[in-house]
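Enquirer: Sequence:
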Amino acid sequence: MKLRAVIVGVVLVLVVAGAAYAVGFNQAHPFQFDPFRTMLVQGAWLSGIGCPTNATVNDGTTASPFTAGGCPTGDPMDRGTEGLLLAKTGPTTNFASSGAILGNVSGITLLELGYDIRKPAGPPDARGSHCGAGAPRFNVTTSDGFWFIGCNSPGAVVTATGGGWIRLRWGDGVTPPTGFLNGATLTTVTGTVSSINILFDEGQDASGGPDEFGLAVLDNIDVNGTLVGKGPSN
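Using our numbering, the letters of the sequence shown correspond one by one to residues -19 to 214.
In case anyone wonders, no lab produced these hints; they're calculated from the structure.
Every residue gets a Cβ at the ideal spot worked out from N, C-alpha and C, and that includes glycine.
Per label pair, the in silico range of CB-to-CB distance:
(1) Asn204 to Ala106: 27 to 33 Å
(2) Ala35 to Thr206: 17 to 23 Å
(3) Leu26 to Thr206: 18 to 24 Å
(4) Thr36 to Ala186: 40 to 46 Å
Taking the hints into account, I'd like the entire structure generated from these sequences.
Expert: Spelled out as structure tokens, the structure:
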């Protein structure tokens, strides 16, 4: 009887703890979709390539704090200045992509999306990370439909810039973002969210935009004001 009570107690604690952990956006799981094994896409969180917030630099003699202007705030759990590398090598027509699945977003009402992107100026600039109409893009599925929100289409608000990074936001935390419903009609995102992912499927050809770079580095993925700037942990 005493053993059964202990087991029941442990299970209840685990259930409660698991439920508490599962509330709210808290992870971005990178992936590669490459059904024909072309080995031409990559998605991964890597240390040292993210936007530095409260980092330390050293000129060989003196250490000093450093925060890039593009990320005045960041994920407090990111201890390694991690960034999300998304790449597609070769042509856009290759049936392969990389991206990240955003964890624990089911059931929310979407009011804000965004990320920091390693780029020296605004989205139309050909320098730095690729920022096209279709990649990197958010794919948002809700009870009302499916929306595309691309890096430069619909246009984002640049809320911070500097140090080789810009911060992009769709929606302001009060008014929901707009996107292309079923990839066609620009309209406000409505309904209850079932899933959100980031997709990178534009390569190094002209279809990939003016930069023809086929690569982007993102950081501090934002869903409703919560920032995730590091890889998932168990």
